[in-house]
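These protein sequence lines map, in sequence, to chains A and B.
For the first sequence, the numbering used here gives the first residue as 1, with consecutive numbering after it.
For the second sequence, the numbering used here gives the first residue as 1, with consecutive numbering after it.
In case anyone wonders, no lab produced these hints; they're calculated from the structure.
Computed from a predicted structure; not experimentally measured.
Each hint should be verified, as a subset may be incorrect.
Computed beta-carbon distance windows for the label pairs [unchecked claim]:
hint, chain 1, residue 1, chain 2, residue 2, range
1, B, Gln109, A, His105, 31 to 39 Å
2, B, Glu257, A, Gln92, 53 to 61 Å
3, B, Val435, A, Asn64, 46 to 54 Å
Glycine included, each C-beta is placed from N, C-alpha and C at the ideal position.
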Amino acid sequence: MDAALLPDEFAALERFVPDWVLDTEHERNAFRVKQKQEDLVDFYQTIFPMMDALCQYIDQFPLNAMPKPAAALLRLGQMLMEVVPAVEVYQQPDVPNAFEFERFHIITPRDPIKVLEN
Amino acid sequence: MKTEAPTNVKADAPAGVPPEDAARLPDWSNTRPVADRYPGMDTSELPIEPYVSEDFFELEREKIFKKVWLYVGRAERIPKAGDYFVQVIEAVRSKKDGIAPSFIITRDQNGEVRAFYNTCMHRGTTVCWDQHESWETSHRRYFSCRFHGWVYDLDGSLKSVPDENQFFNLNKEQRGLKPVHCEVWKDFIFINVDPEPQQTLLEQIKPHADLLVDFPFEKMRKRGIWTAEVNVNWKVAIDAFQEGYHVNTVHAATLPEAFNGPLNPNCRPTSIRLHEQGNRSITFMVSPTFEPPEVEKWVRQRGSSWYAAGGEDAGLAYPGTNPDKDPFYAFDCHGFFPNMLVDPYIGGFYGHEFWPITVNRTRWIGSINFTEPEKPSDLITHEHGKTTLRDAFREDTVTLDASQVGLESGALETTILCDGEAAPRHLYNAVMEMVNS
Numbered sequence: 001m002d003a004a005l006l007p008d009e010f011a012a013l014e015r016f017v018p019d020w021v022l023d024t025e026h027e028r029n030a031f032r033v034k035q036k037q038e039d040l041v042d043f044y045q046t047i048f049p050m051m052d053a054l055c056q057y058i059d060q061f062p063l064n065a066m067p068k069p070a071a072a073l074l075r076l077g078q079m080l081m082e083v084v085p086a087v088e089v090y091q092q093p094d095v096p097n098a099f100e101f102e103r104f105h106i107i108t109p110r111d112p113i114k115v116l117e118n
Numbered sequence: 001m002k003t004e005a006p007t008n009v010k011a012d013a014p015a016g017v018p019p020e021d022a023a024r025l026p027d028w029s030n031t032r033p034v035a036d037r038y039p040g041m042d043t044s045e046l047p048i049e050p051y052v053s054e055d056f057f058e059l060e061r062e063k064i065f066k067k068v069w070l071y072v073g074r075a076e077r078i079p080k081a082g083d084y085f086v087q088v089i090e091a092v093r094s095k096k097d098g099i100a101p102s103f104i105i106t107r108d109q110n111g112e113v114r115a116f117y118n119t120c121m122h123r124g125t126t127v128c129w130d131q132h133e134s135w136e137t138s139h140r141r142y143f144s145c146r147f148h149g150w151v152y153d154l155d156g157s158l159k160s161v162p163d164e165n166q167f168f169n170l171n172k173e174q175r176g177l178k179p180v181h182c183e184v185w186k187d188f189i190f191i192n193v194d195p196e197p198q199q200t201l202l203e204q205i206k207p208h209a210d211l212l213v214d215f216p217f218e219k220m221r222k223r224g225i226w227t228a229e230v231n232v233n234w235k236v237a238i239d240a241f242q243e244g245y246h247v248n249t250v251h252a253a254t255l256p257e258a259f260n261g262p263l264n265p266n267c268r269p270t271s272i273r274l275h276e277q278g279n280r281s282i283t284f285m286v287s288p289t290f291e292p293p294e295v296e297k298w299v300r301q302r303g304s305s306w307y308a309a310g311g312e313d314a315g316l317a318y319p320g321t322n323p324d325k326d327p328f329y330a331f332d333c334h335g336f337f338p339n340m341l342v343d344p345y346i347g348g349f350y351g352h353e354f355w356p357i358t359v360n361r362t363r364w365i366g367s368i369n370f371t372e373p374e375k376p377s378d379l380i381t382h383e384h385g386k387t388t389l390r391d392a393f394r395e396d397t398v399t400l401d402a403s404q405v406g407l408e409s410g411a412l413e414t415t416i417l418c419d420g421e422a423a424p425r426h427l428y429n430a431v432m433e434m435v436n437s
């Protein structure tokens, strides 16, 4: 198994690496709707109590020079926001009675960040 | 125009609503927000023909879309000289069943935003073949045609022609890319394909330009974009996003309580301005009894989501928002005639474009915009606004095809609108005025 990516204080999130670490809104949404609800809830319950610490950690770095562990934590924080409506409101992975997923295209630009190579 | 505080306040607050909150809003049972502001306004039913007739659609193309300023994109998308994108606009095609023309929107060497027909002036071939799958930007130092290699500068001038001396009477100064009128307002790029526009962009959007003069649109960046081709007339699509009457039903899953609590169960607008030339501005409120879910609470301690949360938020001065000082302010919806909605709130704005393809096909583009992130965690709070708004749009869009099926079924000759559906009527009236001109 690869060495841990995340800092020690976020070791509880290591099991979500790399599957839940996705760079774009499009990828995160496609991922969310394919998960089991219980796995979304598990992720939500694991990461939400850590969010203040997570933000404090990633905000040590400038947007244009983020080390890989910080970038991964940012993506996990964004993934929480992706799963929040499913967990807190719908109680199911995708929006109920919604416009077809396949016809709805997410074309969001990439975030303005730069990740350091090592 | 009515801006004073409501006088016919309700004496008894609904269960769970603090009396001082209830006292700040009208007695809804005796109020019609739009008709009260515009006594004697037209309340007749609307014929459905303008939403289903191919002939009427042709009149709209000729008399509206080929005559007015159309929003095509944000200048932030082309920050450097030579950045460009290609925009296909079906509604301005030259023939009824013709092919949609495309346009190059670029920034020239002097930093000016310019628009051209994407057409080589040699034998008409498309110059830039980009198909933007996403909100991508392309970049070139000059535009060269793939057919015979004619080269145009970023300002459209014809720069070089291979084997030029083999042409007869070629005047290169008259063979530059054909320009299209192009103006920029607060980073919004508009074009007008009419060779002699009947008014300036600022004349067309004047009510919004006045109301929103201080809103910092030019400092905001597009951070979420979603699109779908929907089988519906373009006006029906717009109307689905410019009234609150649908919120209680359509958004039962995504926004079950935020906007339609006991003080305003059917999400009536709290202020509305019906401007000249089909422009309109509406304000919606949040429910003061709404208790946000845990993560939304956490987000709101750090920044904003996609609407203001009333209370302290509503008191924040954010220039250009909440024109009637609604104490439970959520967001405004500004309808820019003909086919754009701009919805500012405290901290950002979202919006929609509606591009007619045929009488019953429309390309919808929804988006949300935030100020530049200052630190990495801003991208997390932004993400909350993006996902919750996007999921709500998945509910709005589901009604669209279904509406057109019914309108075309022959079952009804008219639609009937309530007070809070004044914006659809205002759009309809403006369309009729231009089509009949």
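Verification of the supplied hints:
Our hint of 31 to 39 Å for B:Gln109 and A:His105 holds, since their Cβ atoms are close to 34 Å apart. Restraint check, B:Glu257 to A:Gln92: a C-beta distance of roughly 18 Å breaks the suggested window 53 to 61 Å. Under the hint 46 to 54 Å, the C-beta atoms of B:Val435 and A:Asn64, about 51 Å apart, fit the expected range.
Violated hint for the displayed structure: number 2, the only one.
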